[in-house]
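Enquirer: Sequence:
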Amino acid sequence: MTHHHLGREAVHTVWDRALPPALSVRPGDTVTFDTLDASDGGVARRAAQGDASGSPELLALAAADAYAPRPGPRGHPLTGPVFVEGAGPGDALRVELLEVRTAAWGWTGCRPDGIGLLDAVLGAEGLKPYTHLWDLRAGDHSEFLPGIRVPLAPFPGVMGVAPGEPGPHPTAPPRRVGGNMDIRQLVAGSTLWLPVEAPGALVSVGDLHAAQGDGELSGTGIECAGRVTLRFGLERGAGLSTPEFATPTHGGTSTRWHATTGHHPDLMEAARLALRPLLRRLEARGLTLEQAYVLSSACVDLKISQIVDAPNYTVSAFLPLDVFGEG
152 MTHHHLGREA VHTVWDRALP PALSVRPGDT VTFDTLDASD GGVARRAAQG DASGSPELLA
212 LAAADAYAPR PGPRGHPLTG PVFVEGAGPG DALRVELLEV RTAAWGWTGC RPDGIGLLDA
272 VLGAEGLKPY THLWDLRAGD HSEFLPGIRV PLAPFPGVMG VAPGEPGPHP TAPPRRVGGN
332 MDIRQLVAGS TLWLPVEAPG ALVSVGDLHA AQGDGELSGT GIECAGRVTL RFGLERGAGL
392 STPEFATPTH GGTSTRWHAT TGHHPDLMEA ARLALRPLLR RLEARGLTLE QAYVLSSACV
452 DLKISQIVDA PNYTVSAFLP LDVFGEG
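Numbering (this note's numbering), first residue to last: 152 to 478.
No wet-lab data here; the hints were simulated from the structure. Among the hints, a few may not be true.
[To be verified] In silico EDC-like pairs for lysine to aspartate or glutamate, Cα to Cα no more than 16 angstroms straight-line:
id : residue 1 : residue 2
1  : Lys-279   : Asp-264
2  : Lys-454   : Asp-365
3  : Lys-454   : Glu-420
4  : Lys-454   : Asp-417
5  : Lys-279   : Asp-202
Using the sequences plus the hints, can you model the full thing?
Expert: Right, dumping it as structure tokens:
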């Protein structure tokens with residue numbers, strides 16, 4: 152078992168199975184990824200140019216991270232890809248999130264012509280472009296305004312593997328192989344399973360969020376740079392149809408959940424795609440299809456993880472494992 156480090160020099164902005172691997176690892180190895188914020192330094196450059204608001208100390212923190220614009224196609228700056236030896240189509244890549252650490256500052260924005268849920272409506276009502284800078288140095292919270300504190304629960308908004316179809320593919324929409332899922336429950340202590348479609352899986356990570364509500368309604372969470380440490384495993388012939396994950400956080404009365412995901416332009420179809428593999432999980436425990444369906448209706452939570460990454464919505468179906476005494 153070897154630990155590796157992948158720095159920010161290994162950044163790409165599209166998904167493509169033809170990208171050369173930045174690193175090759177074996178199952179059981181761990182990798183620490185240094186990641187960039189979703190704007191690829193754009194907000195930091197605005198702070199350095201005086202085109203941002205905030206305290207002088209916070210503006211100086213942001214401006215210190217400014218770097219030149221990246222040439223090439225626009226997209227999330229993703230660190231990778233990592234080639235996992237032995238991984239092939241039909242396998243599942245098991246990704247354990249060991250640690251997620253944010254940079255010292257982050258940002259959240261909105262604009263009338265953006266991707267947020269109400270951008271067009273609010274734009275007609277006078278919505279103006281706005282970017283809020285956050286001080287993340289406390290580690291467990293950030294003050295929005297005096298008396299308003301937001302708890303921090305950092306997670307990578309993008310984790311995925313290369314699609315099997317030849318690329319390049321844009322990073323914005325999530326897919327059956329993961330990507331820009333923006334699932335806020337994928338914090339440290341979680342495990343993600345990704346369907347492998349390309350030899351070596353070619354996994355990449357980025358778009359770190361210090362916090363986010365389900366849905367990412369304005370189109371951004373607390374976007375930030377940071378560092379993510381992952382351990383990779385391989386489950387051969389798993390036959391996954393969509394990403395699945397186990398998480399220690401969700402709310403409610405359970406202490407751990409197993410979740411399946413659906414990604415589709417139609418919200419109802421995304422929900423169906425999320426629920427069907429969860430029913431298969433329950434059937435694998437010995438339940439009939441009918442029992443699985445009824446139990447799901449009694450205790451499974453459907454959540455809209457993101458509604459802004461066009462053209463696909465992401466719905467996650469959460470099964471509380473405490474009902475089996477597994478919390």
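Enquirer: Which earlier hints turn out false for this structure, listed by number in ascending order?
Expert: none
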